[in-house]
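J.: Residue-level listing of the chains:
Protein chains: 2
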Amino acid sequence: MSKIEIIPIQGIPEIREGDDIARIIFEYATSSGIGVKQNDIFVVKQKIVSKAEGRLVRISKVKPSAEALNIARENAKDPRLVEIILREARRIVRAERGVIITETKHGFVCANSGVDRSNVPRGFACLLPVDPDESARKIRESLESLSSRKVAVIISDTFGRPWRKGQVDVAIGCSGIEPILSYRGIKDRYGYTLRVTEPAIADEIASAAELASGKLSFVPVVVVRGLKFKRSEAGAKSIVMEREKDLFK
Amino acid sequence: MSKIEIIPIQGIPEIREGDDIARIIFEYATSSGIGVKQNDIFVVKQKIVSKAEGRLVRISKVKPSAEALNIARENAKDPRLVEIILREARRIVRAERGVIITETKHGFVCANSGVDRSNVPRGFACLLPVDPDESARKIRESLESLSSRKVAVIISDTFGRPWRKGQVDVAIGCSGIEPILSYRGIKDRYGYTLRVTEPAIADEIASAAELASGKLSFVPVVVVRGLKFKRSEAGAKSIVMEREKDLFK
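These protein sequences, in sequence, are chains A and B.
If you read the first sequence in the working numbering, its first letter stands for residue 209, the second for the next number, and so on.
If you read the second sequence in the working numbering, its first letter stands for residue 209, the second for the next number, and so on.
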């Protein structure tokens, strides 16, 4: 295997509702000389996808429910923000010590249902896209049409995790790439059958891209170039563990 | 920020107890033309570090305890392997449906205390290094001495995670790099203070490297080049969440 490159696309402007993200990516990839090559993987930060899709909520307009008021009081949070978090959630996984971890309607387990106030206009909260796999598919198809190249698109977000400090970027949506490889049943060099090796490459690609995106400069699109992958429309929803298989409900 | 490269070092032979991993990395990096550059990050698979350190156990020589026999029966496992897993563990986090998740003596929460039979000679189980940060430090110092360049070393292993299918590579040891960045208290472009953004870059680098290492070809060392990072000897132990802060004990 040869080397993989992680290339940030610089200069992408502030994204607003209705913006055509695929066209903007294509323009900045082209003008910067990065271009679009066959099998490039475009990793796009959830924040700009949500903004383009109008997933901003004005916090002052939200009326908190009794449940939101309760949780907000116990966790020293803004009850209107808690209300927004609850509306995006299927269930609360933990709400303790100021941390609210929910399962979103997509099935993602993350802090605050993915609702976030950073890098959005003051007074607004940003929600996850309604269907991030579908968002990824649209961007991929449009990028392919603009570039005449086959590409993949991953929509990434920053998630914490149990037992380890800090956060890592993971894939919340993808299109054009099989998100999990399977080596099940394949033998290693000693003839031992690998049983449980299924690298979640979509998550690893999202993490790799984060390294080149930075938090302060906020480069929202990164190209991962040189990685061989399998095309698929399984989507990031196929990464979500079925509840009944999960040891950590 | 400019691009980051993920470069596999090809051709590294089977590692045996007592092998000098730093010298082998240096030789193959040099002979392949990759070389060693200032601020290169060498991501080394745990398996070869463990092998060099003699962390292989002959399974047939292990006598299972009563507890190991019980857990093995309930989870359809080899009781001798369970005994090895228990000896490497501080506690069992979950043991259900054939999956044993423990907290290792290092504080890592992972399947089977990191004990693994793949890519090791048949009849043996491979344990994690006793002190992976110290293993990383030795490799880094030796690589720096051989190359006259400042580098960082990350020792990676493959961990599952709750709520998401598949596995990702994480850092179980590191030297020469601060494993977690902190943007706490820094303001975004809207003046909003980022409160909880602390990317676990050592884990993201391990994941990025996994993309170039493959499972079948088994490339055990990958260079990550072009990433700016902060030097530190905090080690991967600083990624481990303190038990009392963890919502998912």
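None of these hints come from the bench; they were simulated from the model.
Everything numeric in this text was worked out from a predicted model, so none of it was measured.
Possibly wrong hints are sitting among the right ones.
Just so you know, same-sequence chains aren't split out, so a pair can sit in one copy or run between any two.
[Stated by the list, open to error] In the DSSO-like style, the derived pairs of lysine-lysine whose C-alpha atoms are separated by at most 30 Å in a straight line are:
| hint | residue 1 | residue 2 |
| --- | --- | --- |
| 1 | K395 | K346 |
| 2 | K358 | K211 |
| 3 | K271 | K313 |
| 4 | K436 | K245 |
| 5 | K438 | K269 |
| 6 | K271 | K373 |
| 7 | K373 | K453 |
| 8 | K358 | K285 |
| 9 | K395 | K373 |
| 10 | K346 | K373 |
| 11 | K269 | K395 |
J.: Checking K395 and K373: alpha-carbon separation at most 30 Å within a copy, between copies, both or neither?
T.: between (34 Å within a copy, 21 Å between copies)
J.: Under a CA distance limit of 30 Å, which applies to K271 and K313: within one copy, between copies, both, or neither?
T.: Intra 20 Å, inter 48 Å, cutoff 30 Å: intra-copy only.
J.: Checking an output row: K271 and K373, CA cutoff 30 Å. Within, between, both or neither?
T.: neither (33 Å within a copy, 36 Å between copies)
J.: When Cα atoms must be at most 30 Å apart, do K269 and K395 count as within-copy, between-copy, both, or neither?
T.: Classified as between; 25 Å across copies, 58 Å inside a copy.
J.: When no copy is specified for K358 and K285, does a C-alpha distance of 30 Å or less occur within a copy, between copies, both, or neither?
T.: Neither, since 45 Å and 45 Å both go past 30 Å.
J.: Is it within, between, both or neither when you check K373 against K453 at 30 Å Cα-Cα?
T.: Intra 25 Å, inter 10 Å, cutoff 30 Å: intra and inter.
J.: Which holds for K346 with K373 at a C-alpha limit of 30 Å: within a copy, between copies, both or neither?
T.: between (34 Å within a copy, 25 Å between copies)
J.: For the identical chains here, do K436 and K245 meet the 30 Å Cα criterion within one copy, between copies, both, or neither?
T.: both (13 Å within a copy, 26 Å between copies)
J.: At 30 Å max between alpha carbons, let me know whether K395 reaches K346 within a copy, between copies, both or neither.
T.: For K395 and K346, neither the intra-copy (38 Å) nor the inter-copy (32 Å) Cα distance is at most 30 Å.
J.: Between copies, within a copy, both or neither: which fits K438 and K269 at Cα up to 30 Å?
T.: neither (45 Å within a copy, 42 Å between copies)
J.: Within a copy, between copies, both or neither: where do K358 and K211 come within 30 Å Cα-Cα?
T.: So K358 and K211 pass the 30 Å test inside a copy (20 Å) and across (22 Å) alike.
Checked against the numbered hints given earlier, this structure breaks hints 1, 5, 6 and 8; the rest are met.
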